[in-house]
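What follows is the residue order along each chain.
Number of protein chains: 6
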Amino acid sequence: MMQVTDIEFKSAEHVIEEIENMNVKGGSPFGRAAAWAYKLVSDQEKFTNVKDLKLRYDRISSEMLRLKPTMATIYNSKKLVYNLLDSIPEDTDVSEIQRQVSELCASIINYSLKAVDSLGEYGSNIIQNGDTIMMHSYSSALMSIFIQAASAGKKFSVICTESRPLRESRLAAKILQSYNVPVTYITDASVWEFMPVADYIMMGADTISCNGSVANKMGTALISKLAQSCKKKVYIASEIYKIDLRTQEGQPVVLERRTKDEVIQDGDFDSLDGIDIINQFFDLTPAPEIEGIICEFGVVPPSMVTSYWGKLEEIVAGN
Amino acid sequence: MMQVTDIEFKSAEHVIEEIENMNVKGGSPFGRAAAWAYKLVSDQEKFTNVKDLKLRYDRISSEMLRLKPTMATIYNSKKLVYNLLDSIPEDTDVSEIQRQVSELCASIINYSLKAVDSLGEYGSNIIQNGDTIMMHSYSSALMSIFIQAASAGKKFSVICTESRPLRESRLAAKILQSYNVPVTYITDASVWEFMPVADYIMMGADTISCNGSVANKMGTALISKLAQSCKKKVYIASEIYKIDLRTQEGQPVVLERRTKDEVIQDGDFDSLDGIDIINQFFDLTPAPEIEGIICEFGVVPPSMVTSYWGKLEEIVAGN
Amino acid sequence: MMQVTDIEFKSAEHVIEEIENMNVKGGSPFGRAAAWAYKLVSDQEKFTNVKDLKLRYDRISSEMLRLKPTMATIYNSKKLVYNLLDSIPEDTDVSEIQRQVSELCASIINYSLKAVDSLGEYGSNIIQNGDTIMMHSYSSALMSIFIQAASAGKKFSVICTESRPLRESRLAAKILQSYNVPVTYITDASVWEFMPVADYIMMGADTISCNGSVANKMGTALISKLAQSCKKKVYIASEIYKIDLRTQEGQPVVLERRTKDEVIQDGDFDSLDGIDIINQFFDLTPAPEIEGIICEFGVVPPSMVTSYWGKLEEIVAGN
Amino acid sequence: MMQVTDIEFKSAEHVIEEIENMNVKGGSPFGRAAAWAYKLVSDQEKFTNVKDLKLRYDRISSEMLRLKPTMATIYNSKKLVYNLLDSIPEDTDVSEIQRQVSELCASIINYSLKAVDSLGEYGSNIIQNGDTIMMHSYSSALMSIFIQAASAGKKFSVICTESRPLRESRLAAKILQSYNVPVTYITDASVWEFMPVADYIMMGADTISCNGSVANKMGTALISKLAQSCKKKVYIASEIYKIDLRTQEGQPVVLERRTKDEVIQDGDFDSLDGIDIINQFFDLTPAPEIEGIICEFGVVPPSMVTSYWGKLEEIVAGN
Amino acid sequence: MMQVTDIEFKSAEHVIEEIENMNVKGGSPFGRAAAWAYKLVSDQEKFTNVKDLKLRYDRISSEMLRLKPTMATIYNSKKLVYNLLDSIPEDTDVSEIQRQVSELCASIINYSLKAVDSLGEYGSNIIQNGDTIMMHSYSSALMSIFIQAASAGKKFSVICTESRPLRESRLAAKILQSYNVPVTYITDASVWEFMPVADYIMMGADTISCNGSVANKMGTALISKLAQSCKKKVYIASEIYKIDLRTQEGQPVVLERRTKDEVIQDGDFDSLDGIDIINQFFDLTPAPEIEGIICEFGVVPPSMVTSYWGKLEEIVAGN
Amino acid sequence: MMQVTDIEFKSAEHVIEEIENMNVKGGSPFGRAAAWAYKLVSDQEKFTNVKDLKLRYDRISSEMLRLKPTMATIYNSKKLVYNLLDSIPEDTDVSEIQRQVSELCASIINYSLKAVDSLGEYGSNIIQNGDTIMMHSYSSALMSIFIQAASAGKKFSVICTESRPLRESRLAAKILQSYNVPVTYITDASVWEFMPVADYIMMGADTISCNGSVANKMGTALISKLAQSCKKKVYIASEIYKIDLRTQEGQPVVLERRTKDEVIQDGDFDSLDGIDIINQFFDLTPAPEIEGIICEFGVVPPSMVTSYWGKLEEIVAGN
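Chains as they are written, first to last, in numbering that gives the first Met the number 0: chain A, 0 to 318; chain B, 0 to 318; chain C, 0 to 318; chain D, 0 to 318; chain E, 0 to 318; chain F, 0 to 318.
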């Protein structure tokens with residue numbers, strides 16, 4: 000099983016600091032970090048009245064969303080906490096509210112950690128002996144699948160694209176190497192050439208929109224489109240917690256652009272006059288191209304993905 | 000106009016040396032280098048009989064084809080020289096044969112240098128003010144087009160993929176920069192994302208096969224395939240001299256794989272056990288996806304490309 | 000916000016008259032008109048027993064469905080009223096039944112008027128500054144989206160097809176003009192030519208079938224099909240009330256053909272011997288081609304559309 | 000057989016006048032008109048020296064190309080005349096030159112008139128009893144095919160799109176009506192709906208580019224693209240004389256935009272502020288989508304089309 | 000209406016025997032047979048304690064799943080019985096448990112028999128006078144549709160592929176013949192040739208996976224794929240009971256391969272050295288290619304199919 | 000090398016008899032048989048004047064074309080003979096004419112036999128070690144390719160569809176077996192399932208039309224269409240002699256339908272009332288789907304195929 004662990008956060012401020020310093024990485028860790036922030040406030044701090052407590056929560060929320068405005072999981076943690084706050088009778092004791100929020104956040108964190116395990120098992124069921132799987136970039140959900148399949152003794156191999164600019168797939172290749180899964184490592188431009196060799200494609204997700212389309216590392220939509228012309232299925236591995244509920248109301252998934260320094264190196268150009276380096280980091284894969292989203296509820300059709308959010312809410316609420 | 004110049008070769012052996020040291024780059028320079036080798040033998044060396052002369056030519060041919068077995072232009076230069084040899088009456092004086100071969104080779108070299116200019120003009124006619132063109136990798140034919148269009152005062156911009164592993168497009172971007180052509184520089188995985196912004200695609204060729212399909216830098220076929228799904232035309236810029244005539248007989252274009260060192264850097268992996276780095280350097284774009292091959296005879300349908308070889312032969316033969 | 004207002008109906012007979020005279024236009028107005036008919040009967044007329052009341056309702060129903068047999072919204076209003084009638088105990092006082100039906104119909108009318116506003120807001124969230132949107136024909140739902148986006152200060156432009164034979168898009172162009180939204184007005188045959196310029200497509204719906212495919216003005220399916228080949232998303236704006244529940248049981252959406260007089264003008268032909276003018280007015284766009292249906296519940300995957308009917312029923316029933 | 004007749008031109012100036020007054024219509028009539036202009040100068044006017052004669056030809060050429068700069072057939076007539084002029088020895092008598100030009104132009108005119116007959120026969124061979132053919136706009140080449148098939152007693156029917164804005168297909172429908180060919184007349188937006196009913200598609204050409212792609216009435220490329228998704232073949236009927244030889248050198252086919260008055264009617268809009276009516280009149284259908292170009296040399300693959308220009312030149316030169 | 004009848008099973012052992020002897024055919028009969036086995040145990044056998052009863056059920060389950068490990072309907076019957084067992088309080092009387100299991104199984108059997116009727120009615124609603132429908136292989140669900148449509152007086156015709164190797168469509172053709180439905184009988188390789196003649200395609204299902212993709216007789220996916228390129232809709236007729244719930248957890252639908260004897264005949268080959276006859280009997284049609292699954296709940300989008308399993312459970316449980 | 004031998008024809012009448020008795024099989028044998036008929040008349044029979052000789056030739060021609068009206072190769076042999084007759088001066092001696100026709104026919108026969116060898120070599124160059132090739136039906140041209148590749152020691156395997164109704168691929172499988180080429184034998188309906196396993200597809204031709212589309216055994220076009228959606232190239236192996244020159248003039252390739260007895264067996268149906276068995280034996284694969292036609296001139300683009308007919312004519316004429 001995948002050993003997913005979070006930073007040992009000391010306080011809500013520590014959470015915000017680590018987010019600011021970019022030590023939190025990946026959609027799920029962000030969601031848990033947000034839950035940790037609310038939890039640590041609830042566990043560690045004292046409030047004389049409800050109004051002050053809520054102001055405190057508000058400050059944390061706006062701070063975290065200021066740093067990562069597009070991160071669905073931070074938004075989701077906030078939403079669950081505020082739904083709870085809204086449901087608690089006005090006259091409840093402030094410490095009781097803190098207790099309930101702390102409990103909810105513990106539940107969110109716990110749920111999130113288990114979700115990767117569950118989807119890893121479902122995804123590993125897809126993998127059969129002899130399969131060759133193309134992947135792209137790095138995804139802890141994907142790693143959970145491969146590790147469970149390898150640990151179960153299945154013999155398969157993986158084609159890793161290097162995934163420029165950051166070449167995150169090096170990490171994926173090393174993990175697969177440590178589990179004795181043979182890896183073929185290719186450049187991103189080689190995916191069409193190598194696609195006939197793959198049996199299917201598995202990729203991760205940064206964010207899922209409510210109609211089941213998936214934002215993920217640049218190149219994911221390209222691979223998915225090409226897969227349609229080569230009779231290959233595309234699976235996306237992701238926890239339901241990565242759904243961006245704002246997309247239900249028509250809000251677009253914001254696809255981050257990052258700094259040009261990640262794309263070029265010293266000495267590449269004497270000057271950038273007239274040269275616009277664009278490091279568009281994410282793209283959007285349309286739902287109809289996705290065979291299934293491998294999540295903690297099984298392998299589900301992308302268009303059905305929002306119907307699982309309600310189940311998630313029930314589980315973290317302990318119902 | 001594009002200033003294409005060759006290495007100043009001192010002798011046939013020098014040609015071979017420079018090929019071996021990888022100082023000759025690009026299909027057309029290889030073809031001219033081969034012509035130079037035959038020319039220098041013919042101009043500089045003395046032979047007492049025809050048999051010795053032919054043995055000398057044979058040695059040069061096999062040496063060059065040993066170093067670059069798949070290079071169509073080397074094969075073509077050889078073919079033209081040997082066609083001439085076959086047509087010269089047996090009893091011709093050895094120095095007369097040398098003179099004729101030298102003349103032919105001078106004609107080949109001259110033809111090749113002019114071809115890039117001609118196709119540059121035809122290609123620049125395609126470009127209209129306001130156009131945005133996606134390109135991939137580096138190609139001197141492509142540069143000839145862009146330089147002629149820019150020099151003619153046309154206002155257009157170019158989207159350059161970085162073209163891993165060697166990122167040759169940096170050179171293209173610098174040349175375009177020097178001609179004040181705005182460049183957008185993106186990763187290879189971004190081509191599907193940026194394709195709607197392009198008006199059409201222009202790419203070069205390493206080798207053209209007789210049915211009009213084109214071997215070029217890895218990623219060319221990927222871009223071409225995606226262009227079909229985005230209503231964008233694909234042009235290939237290439238001299239006719241890059242046709243591999245052996246493909247007429249069913250021989251496949253050999254698509255070079257290069258060393259893995261070009262793909263990975265020191266420190267990427269502790270060990271490569273179980274990790275197979277494949278640096279497939281060329282791919283093959285199918286003829287029906289290509290709107291036109293921009294060559295020295297104009298913009299021609301890919302399927303018609305072999306019909307221009309005969310015209311080329313006539314021109315270099317001085318008929 | 001869109002000022003949607005209905006005819007001020009005086010009586011159930013007046014409703015039927017206005018339907019007959021074709022003064023009621025668009026799926027939603029038909030649904031509300033039907034609700035008005037039941038409401039006016041309930042409010043204005045006196046019945047001594049339940050049987051007579053039901054006979055009266057029956058007569059209205061059959062009259063309206065005779066005039067517009069394929070109109071899903073008339074069918075839906077009838078269905079909701081009769082579901083209520085079925086649920087009321089046999090021995091309820093006739094005036095109490097009238098009161099409940101009147102209340103339900105008021106609720107239906109109110110719901111319908113608000114739905115266009117809600118979907119307008121969700122749709123306007125999709126629109127970003129600088130977007131170019133292709134639309135086809137006229138749709139009040141679509142107008143609600145554009146007006147809300149323009150009113151929110153968003154800068155976007157719209158490509159309107161003329162939408163033969165009736166060229167309804169003239170009305171759309173005028174409304175957009177009044178909100179200072181730049182319009183490009185083209186013939187229907189030009190959509191493939193102009194599609195690369197559009198960022199996405201938004202169209203309305205006459206009827207939605209239970210699997211999410213959409214009947215709309217002739218040309219909608221053509222545009223949608225072409226959009227698939229040009230990397231453009233297709234959104235459909237429509238209230239859920241336009242679902243034709245009969246399609247769940249396999250009944251096809253009946254695609255109206257209208258009179259040939261709308262297609263030809265005086266003097267076009269001396270005689271129509273041997274010339275069959277077909278004015279097929281609606282076509283059917285397949286669900287998998289639709290990115291999302293913009294409805295009062297948000298932007299939902301077409302295949303999920305029936306799951307929102309239950310929610311609508313609950314809301315209009317006041318639960 | 001199709002009765003094609005030209006205007007009875009009185010003089011070169013008359014030709015230019017009729018071109019200016021838009022009384023010459025269709026690519027082939029323009030080419031013949033240009034030939035008439037050169038012929039009438041040669042037959043009617045007297046020149047004391049060759050220089051004056053050539054100046055006169057030059058003035059006619061520039062006048063006609065100024066009025067219709069994009070018309071390939073005018074350009075082709077000029078090209079053939081000037082090729083002849085270039086081939087005549089410098090010291091030839093001026094009246095002999097006039098005689099030769101007159102003869103060439105008579106040959107061009109004659110060739111053009113016969114070409115429509117020949118292609119009509121070849122096209123009619125394609126039509127089998129029971130076929131349903133979809134056409135678009137009006138084309139005299141197409142009419143020649145249908146008339147020959149009908150005259151040969153074949154029983155077939157034709158689906159005519161109205162072809163906005165000018166609805167030229169009304170003329171096609173009337174001609175078919177007069178030959179008792181049943182016509183189904185539909186709006187342009189209906190082509191996707193009716194395509195399954197058609198067995199194949201036949202359309203005309205305004206201009207053919209050297210790679211076999213075809214400029215024709217707006218909507219032709221749309222229909223062709225949709226035909227690819229419905230297993231229907233697309234034939235283009237056109238004389239070889241419509242090839243635009245300038246496209247060989249990369250020059251784009253200029254796709255005419257015409258006046259907005261053709262698209263809108265009085266009263267459509269109070270003002271056009273903010274409304275841009277674009278009457279793009281032609282579009283470009285890609286060669287690979289065309290099953291065959293029905294020309295005077297038979298039904299030929301579009302990519303081969305330029306190879307027939309040489310044959311045309313030989314025939315009009317009387318060789 | 001379709002007369003579906005099961006074997007008159009005498010005992011649980013008899014059920015297993017008939018399964019072993021391959022006298023039970025088709026997904027639904029297998030599911031009912033499994034229900035009969037549990038029912039006959041419950042009705043006919045006596046148990047002194049609950050543990051023994053459960054051991055008995057266990058033995059039957061493992062026996063049936065050993066014989067048909069991939070059969071979803073056997074698995075489903077087991078799952079429903081064991082869900083019931085789990086819900087019964089520990090201390091319930093053994094005979095009461097038997098009674099409840101017997102009742103549940105009767106309900107399952109009854110439900111299954113009615114489901115084919117219901118879907119037959121919904122499917123027949125799709126069929127309009129004049130329609131031509133392409134089908135493949137044999138399916139009792141499909142027959143139910145055709146029989147109900149024919150019995151309702153609809154005039155339509157059916158294209159039957161022979162469906163090698165067993166040519167089950169002969170049975171379909173005979174049944175259609177007996178209902179006076181005209182049949183065109185073609186080889187499997189002819190489906191692309193005849194597809195333009197069909198209005199749509201209807202096929203059956205062996206198993207439905209949770210994402211709506213459908214396992215059915217080899218050739219189904221081929222036909223479905225081709226239908227996408229010919230503008231034809233694909234319907235699948237199947238009871239919900241054929242859903243394989245294990246696919247929710249990523250388990251692949253196991254696609255049976257059968258004996259080579261079904262493919263070759265005596266005398267076809269002298270020896271099979273070096274010849275591998277593969278009789279892959281089922282293939283998998285992707286959900287996005289399917290217009291609708293015609294089931295007992297109506298014509299539903301394939302991606303929604305699992306949401307109907309819950310309704311089925313409620314109905315057979317009598318809630 | 001493939002041992003192609005013809006029947007030892009005794010006389011022109013014997014040729015006609017063997018054609019009538021269906022002992023001549025395959026396009027090339029038909030063409031040679033026709034040449035044999037003209038040759039045997041010329042060699043064996045005596046004529047006192049040219050008119051009688053020509054009448055005799057006419058009778059043979061019409062007899063053979065009556066029996067096989069659609070067979071392009073019979074038509075081609077006739078055309079070549081008559082072209083020769085037309086070119087011989089009127090006053091030539093009758094025996095001299097006979098000599099020349101006999102010589103031409105010997106040349107045709109010889110050319111045809113060598114063509115299969117040549118294309119076999121070119122095709123075998125395509126095959127690389129480790130390749131898996133999908134084929135369909137039987138074709139002697141295809142066998143020539145496989146035999147030459149196997150004889151050259153290449154290791155490859157072949158997927159054979161059974162090719163209903165006659166299952167000609169059994170013969171192919173046996174020949175491959177005798178050359179130790181591993182064969183996978185599948186039903187026709189399995190081609191989409193097995194396509195990902197194939198590296199490319201090779202099929203034969205019955206007739207080639209002038210635009211390069213290919214008539215071949217039913218299923219060829221189906222496989223070719225599916226190959227486009229699975230990134231597989233389609234090669235067609237055929238001598239140029241199979242071009243049907245009548246298609247240049249728009250004449251369609253006539254696609255034979257054969258007797259229903261080949262499709263059904265005794266006992267399949269009690270009666271065929273209402274069941275129409277259609278044994279459409281050939282279909283037409285569009286040229287743009289074909290990567291190359293493997294012929295005696297190499298691997299050529301389908302659209303160029305007619306340009307090789309002229310070369311063929313020159314060779315058989317001995318020029």
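Please keep in mind that the hints were generated in silico from the structure rather than gathered at the bench.
Here the structure is a predicted model, which means the values were calculated and not measured.
Some clues are possibly wrong.
Identical chains share a label here; the pair holds if one copy fits it or two copies do between them.
Simulated pairs of lysine-lysine, DSBU-like, Cα-Cα distance not exceeding 35 Å [stated by the list, open to error]:
| id | residue 1 | residue 2 |
| --- | --- | --- |
| 1 | LYS259 | LYS67 |
| 2 | LYS310 | LYS113 |
| 3 | LYS45 | LYS232 |
| 4 | LYS259 | LYS53 |
| 5 | LYS9 | LYS259 |
| 6 | LYS45 | LYS153 |
| 7 | LYS24 | LYS259 |
| 8 | LYS78 | LYS232 |
| 9 | LYS310 | LYS259 |
| 10 | LYS259 | LYS45 |
| 11 | LYS224 | LYS154 |
| 12 | LYS45 | LYS154 |
| 13 | LYS259 | LYS50 |
| 14 | LYS50 | LYS232 |
| 15 | LYS67 | LYS153 |
The hints, checked one at a time:
no. : hint            : verdict
1   : LYS259 x LYS67  : within (19 Å within a copy, 38 Å between copies)
2   : LYS310 x LYS113 : both (15 Å within a copy, 29 Å between copies)
3   : LYS45 x LYS232  : neither (53 Å within a copy, 51 Å between copies)
4   : LYS259 x LYS53  : neither (39 Å within a copy, 57 Å between copies)
5   : LYS9 x LYS259   : within (33 Å within a copy, 45 Å between copies)
6   : LYS45 x LYS153  : neither (52 Å within a copy, 45 Å between copies)
7   : LYS24 x LYS259  : both (19 Å within a copy, 30 Å between copies)
8   : LYS78 x LYS232  : both (34 Å within a copy, 29 Å between copies)
9   : LYS310 x LYS259 : neither (41 Å within a copy, 47 Å between copies)
10  : LYS259 x LYS45  : neither (44 Å within a copy, 59 Å between copies)
11  : LYS224 x LYS154 : both (28 Å within a copy, 31 Å between copies)
12  : LYS45 x LYS154  : neither (55 Å within a copy, 48 Å between copies)
13  : LYS259 x LYS50  : neither (44 Å within a copy, 62 Å between copies)
14  : LYS50 x LYS232  : neither (52 Å within a copy, 45 Å between copies)
15  : LYS67 x LYS153  : between (39 Å within a copy, 24 Å between copies)
Checked against the numbered hints above, the structure breaks hints 3, 4, 6, 9, 10, 12, 13 and 14 and satisfies the rest.
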